[in-house]
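Starting from the structure of chain A, add chain R where the hints point.
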Amino acid sequence: MKGFRSVFVQEWVILKHNSTWWAILGLLLVLTVLAALNGSARTNQMAEMGGGLNQSELQTQMALQSAVARWEADPEGDPPSVASPGALGLSVLSHYTVLPPTPLAALSIGQTDVQPTYYKVTAHPALSFLNEAEIQNPLNVLAGSFDVAFVIVFLLPIFIVALTFDLMSKEKERGVLGLVLAHGVSKTAFIIAKGAARALLIFTLLLLVGLAAVVLTEPDLSSAAMWMRFGLWFLIVSLYAFFWFALALFVNSLNKPSVTNGVILANLWLVFVVVIPALVNVAATTLYPAPSRVELTTEMREATEVADQESAESREAFFFDHPEMVGGDANADQFFLQVLATDSAVERAIEPLMEEFDAQAQLRQDVVDLLQYVSPAIMAQNALNAVSGTGTERFTDFVDQVLAFHENWRGFFTSRIVKGSRMSAAEFDEIPSYAHQAMATRTILRSTLSPAAGLAIFVLILGIWSARRYARYPAV
Amino acid sequence: MILTVARKEFREIIRDGRIKWSALILAVMLVAALATAGQRFADISAERASAQEVVNMQFAAQGDKNPHAAAHYGLYAFKPVTPLSFFDTGVGSYTGVSIWLEAHNQNDAEGEPARDATAIARFGELTAAFTLQMLLPLLVILLAFPSFAGEREAGTLRQVLSMQVAPVQLLFGKALGAAAALSVFIGPILFLGLIGLVFAPGGLGYLGHGVVLVAVYIVYALIFLFLTLAVSANVKSAQAALVVMVGFWAVSSFVLPRAASDVSRLLYPTPSAVSFQANIDEAMQSGLDGVSPDTIVQQRQKQTLALYNAETVEELPINFQGMIFDLQEKLGNEVFDKFYGDLYAIFDQQTGLHQAFSIGSPRMATQLASMELSGTSLNQHLAFTSQAESYRRDLIEGMNRDITFNSEAGQADYRADSALWASIEPFEYQPASLGALLARLGPSFMVMFLWLALSIVAGVLAVRKVKVTLG
Numbered sequence: 001m002k003g004f005r006s007v008f009v010q011e012w013v014i015l016k017h018n019s020t021w022w023a024i025l026g027l028l029l030v031l032t033v034l035a036a037l038n039g040s041a042r043t044n045q046m047a048e049m050g051g052g053l054n055q056s057e058l059q060t061q062m063a064l065q066s067a068v069a070r071w072e073a074d075p076e077g078d079p080p081s082v083a084s085p086g087a088l089g090l091s092v093l094s095h096y097t098v099l100p101p102t103p104l105a106a107l108s109i110g111q112t113d114v115q116p117t118y119y120k121v122t123a124h125p126a127l128s129f130l131n132e133a134e135i136q137n138p139l140n141v142l143a144g145s146f147d148v149a150f151v152i153v154f155l156l157p158i159f160i161v162a163l164t165f166d167l168m169s170k171e172k173e174r175g176v177l178g179l180v181l182a183h184g185v186s187k188t189a190f191i192i193a194k195g196a197a198r199a200l201l202i203f204t205l206l207l208l209v210g211l212a213a214v215v216l217t218e219p220d221l222s223s224a225a226m227w228m229r230f231g232l233w234f235l236i237v238s239l240y241a242f243f244w245f246a247l248a249l250f251v252n253s254l255n256k257p258s259v260t261n262g263v264i265l266a267n268l269w270l271v272f273v274v275v276i277p278a279l280v281n282v283a284a285t286t287l288y289p290a291p292s293r294v295e296l297t298t299e300m301r302e303a304t305e306v307a308d309q310e311s312a313e314s315r316e317a318f319f320f321d322h323p324e325m326v327g328g329d330a331n332a333d334q335f336f337l338q339v340l341a342t343d344s345a346v347e348r349a350i351e352p353l354m355e356e357f358d359a360q361a362q363l364r365q366d367v368v369d370l371l372q373y374v375s376p377a378i379m380a381q382n383a384l385n386a387v388s389g390t391g392t393e394r395f396t397d398f399v400d401q402v403l404a405f406h407e408n409w410r411g412f413f414t415s416r417i418v419k420g421s422r423m424s425a426a427e428f429d430e431i432p433s434y435a436h437q438a439m440a441t442r443t444i445l446r447s448t449l450s451p452a453a454g455l456a457i458f459v460l461i462l463g464i465w466s467a468r469r470y471a472r473y474p475a476v
Numbered sequence: 001m002i003l004t005v006a007r008k009e010f011r012e013i014i015r016d017g018r019i020k021w022s023a024l025i026l027a028v029m030l031v032a033a034l035a036t037a038g039q040r041f042a043d044i045s046a047e048r049a050s051a052q053e054v055v056n057m058q059f060a061a062q063g064d065k066n067p068h069a070a071a072h073y074g075l076y077a078f079k080p081v082t083p084l085s086f087f088d089t090g091v092g093s094y095t096g097v098s099i100w101l102e103a104h105n106q107n108d109a110e111g112e113p114a115r116d117a118t119a120i121a122r123f124g125e126l127t128a129a130f131t132l133q134m135l136l137p138l139l140v141i142l143l144a145f146p147s148f149a150g151e152r153e154a155g156t157l158r159q160v161l162s163m164q165v166a167p168v169q170l171l172f173g174k175a176l177g178a179a180a181a182l183s184v185f186i187g188p189i190l191f192l193g194l195i196g197l198v199f200a201p202g203g204l205g206y207l208g209h210g211v212v213l214v215a216v217y218i219v220y221a222l223i224f225l226f227l228t229l230a231v232s233a234n235v236k237s238a239q240a241a242l243v244v245m246v247g248f249w250a251v252s253s254f255v256l257p258r259a260a261s262d263v264s265r266l267l268y269p270t271p272s273a274v275s276f277q278a279n280i281d282e283a284m285q286s287g288l289d290g291v292s293p294d295t296i297v298q299q300r301q302k303q304t305l306a307l308y309n310a311e312t313v314e315e316l317p318i319n320f321q322g323m324i325f326d327l328q329e330k331l332g333n334e335v336f337d338k339f340y341g342d343l344y345a346i347f348d349q350q351t352g353l354h355q356a357f358s359i360g361s362p363r364m365a366t367q368l369a370s371m372e373l374s375g376t377s378l379n380q381h382l383a384f385t386s387q388a389e390s391y392r393r394d395l396i397e398g399m400n401r402d403i404t405f406n407s408e409a410g411q412a413d414y415r416a417d418s419a420l421w422a423s424i425e426p427f428e429y430q431p432a433s434l435g436a437l438l439a440r441l442g443p444s445f446m447v448m449f450l451w452l453a454l455s456i457v458a459g460v461l462a463v464r465k466v467k468v469t470l471g
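Residue numbers (the numbering used here), protein chains in the order written: chain A, 1 to 476; chain R, 1 to 471.
Chain A on its own, in the form it takes in the complex (with noise of 0.2 Å):
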């Protein structure tokens, strides 16, 4: 390749004095960093909270094992009425579980802004606490947030093609290709070399941005979990880097002045980043709508009330939830037994529109997962969100566990409470505890590496059609 260095050095001058290009840079420095440092914001706001949230839990539950211990120490008069399971499991207990935030948590808040990172788990139908949602202004949600995600998905693409759109249409219009060439410099040599100083700069720029973003998010620094996380980071974001610097050297190929280039990438974007995730979005919930919330509602209703008529009588004397209204003579574990028995009527009832939310939720995620590789953008956010533990597979897994924690927990009171057992002292250190199972490595690597090696393929087809088309490209 003759040439190359030359053209390669002479590139690398012009790009060092030229102020547009360090302008861009330099803005995306910033709005990384700025980025980072908002996302880090969120997760460690979240990680205080989720830290915090069993203390008083806690707390309640040795209170009420002490006062046991101490009926037990001295046996005077009635039990204390928190010795009653059903009390405890149906009416005083819960438990929250947690999805603590993993490495890299603050370059992508994904999903966690619409899917809960907490649960209140009861001894009731796990329906109770699943639809409880955080609060927050839906504004804000609908608009999303500025995280290191968003600049790469929808920001770097820009900045990429504000620096190339023009690389090789431009040394044509002012006719220094022709020169070039007239000097014996070989039209790959010359391609090459000037995207190659080009990448370059990017690459050390990205690698810049995001080591800058990790030394700025991370408390733990000699994590390998988390450096294992950057590396799968900065691949994807390398690969949609490539990806952008790729197409922008295909339409160049095309041989279009500069300003109908700048157009037919203007366009591109907004098809890669706007048009078809709205599409695949569309694709998504029309083949496999989630069945109706608003049908669940009333199904739970009917459910609850048909379980309430069967069990009228009891129920009426118990005050329908008042229990201590009706004096000392009412048997608190029929009480507790009764409502055992109304909550899995409803949940028997609506467990066939249950599982038809779950599989359709699955069918749409592998409608979405397949059609992911139509867009690089859709590849680049879910894979980001992958690395982060802030994508829809994580809260799928997070929910999955919960729900087996949540059998866990109420089967420990629901068998005491059909036993007429009371609680020992002891049997309070038995109460079962959440503790979260991270995901395995092999899963984080599968829903990165897959769509990585998407963003691989369509960079490899777009670079073979450009150096064909390069291969004939006119000099003039």
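Derived from the structure by calculation, the hints contain no laboratory data.
Do not rely on the hints blindly, as some may be mistaken.
Said to hold, decoys possible - Beyond 10 Å from chain A on every Cβ pair, some chain R residues (computed): (1) M323; (2) G398; (3) P431; (4) F445; (5) L452.
Claimed, not checked - Going by beta-carbon spacing under 10 Å, a handful of chain A positions derived as facing chain R: (6) Q136; (7) V141; (8) L142; (9) A143; (10) D147; (11) S258; (12) A290; (13) P291; (14) G391.
The C-beta atom is built at its ideal place from N, Cα and C for all residues, glycine as well.
Using the frame of chain A, we list chain R on its own:
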């Protein structure tokens, strides 16, 4: 003269085909969005209406019951949709669609559609409003960016100006030509949209909203048109005009809304759901002003006994339990009013920040206006929840009044019958009138007209300068 310029500009745009692809994309998305909107409206309005009917029927048919049991059973209020709800879904995907109205509790709206969406929905939902807000400006930019700069590069600008065309005439002529080209692509679709609105069930009542919406988007397009012309007249090359305008569009449409949302979170943080609930529970236990509800109930009992000259509640001519329920309910309502009032005040501050940011972003001003007119703004969601809440309070009060006056002390087996349930009027949401919406939209309209005025002035100044440099 303006018309001559406009005709030339129009012909050139149509012949040039530089906006062929973006116009096609916009048209296809707009048609798809409007068609899905019609379908979704038909499906969801039927679903909500029938659910409301089922719930009302369930309440009426609950048989003989203690009124307090009926109050616990309660009712649901479903948020109705209008034919415009799917033109712009606004905050609709992130707000609940039904509220359980029961004794003792003010519940939040539940069933946010976003919970069932995949992560991809965050790129934006395909609605006509989204399409217009996102794609229309880009189309306008691509249409108009070479208007002056391109002619300057080609050297025709000097010729035109030497032919005694006033620069301002040139500006408005080019604007008119571009606007005409634009309306060829989008006019028929929007017109069909309005026709569709008229024929949608209940749509005629929203025709006024629809017309104002179309006007809003026309102003939005004009802002970008004059801005692009101004930039095009100011800069040296068409290429520079394109880069400047696409940059402005990206920052004002994509960056600013997100920045507004994060800054509003930082400046005016909302409480977490857990601490919000804990505060309510705490206030319910010990009272807002430090006097516990139990104490207040005891005081009321003493007063009532004194009033009737009675020794025990059994001697009272009414069922005092009903009064206790009622009193507890009222004390609870004060607590809800305080905490929800505080929360909504924070929401207001956050929304105010979005409004402030919209000064820098025509898209944000347009979006705020569009949501309001489509009935999918935060304001209107809160209006629904507040109407549902006052309905709940009336409902529960009615139940407690029945216990107080129609049963005796300690009569836990008292039953009311269907006559009481039938006396409850069904819940019906009263949407704000168009006039009220327009009044509320003052700030957004102001921002839009400021932008429009500013961009026209910038255009005029820019073309004047063109003449000076050439003269």
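Results of checking the hints against the structure:
The claim that M323 of chain R lies off the interface holds: its Cβ sits roughly 14 Å from the closest Cβ of chain A, which is beyond the 10 Å cut-off. No Cβ of chain A approaches the Cβ of G398 of chain R within 10 Å, the least distance being about 17 Å, so the stated non-interface status holds. With a least beta-carbon separation of about 18 Å from chain A, P431 of chain R lies farther than 10 Å from that chain, consistent with its non-interface assignment. Once the 10 Å rule is applied to beta carbons, F445 of chain R is consistent with being away from chain A; the minimum gap is 18 Å.
Listed as outside the interface, L452 of chain R is consistent with that label: its C-beta sits roughly 23 Å from the nearest C-beta of chain A, beyond the 10 Å cut-off. Residue-level restraint check for Q136 of chain A holds (minimum Cβ-Cβ distance to chain R is 7 Å; threshold 10 Å). With its C-beta approaching chain R no nearer than about 4 Å, V141 of chain A sits inside the 10 Å limit, and its interface hint holds. Interface hint at L142 of chain A: satisfied, since its Cβ lies 5 Å from the closest Cβ of chain R, which is below the 10 Å cut-off.
At a threshold of 10 Å, the smallest CB-CB gap from A143 of chain A to chain R is about 4 Å, leaving the interface hint in force. Proximity of D147 of chain A to chain R holds as hinted, the smallest CB-CB distance being about 8 Å (cut-off 10 Å). Proximity of S258 of chain A to chain R holds as hinted, the smallest CB-CB distance being about 5 Å (cut-off 10 Å). The closest approach between the C-beta of A290 of chain A and any C-beta of chain R is roughly 4 Å, which is under the 10 Å cut-off, so the hint is satisfied.
About 9 Å separates the beta-carbon of P291 of chain A from the nearest beta-carbon of chain R, less than 10 Å, and the hint is met. Look at G391 of chain A: its Cβ gets to within about 6 Å of chain R, closer than 10 Å, so that hint holds up.
Taken one by one, the earlier hints all hold for this structure without exception.
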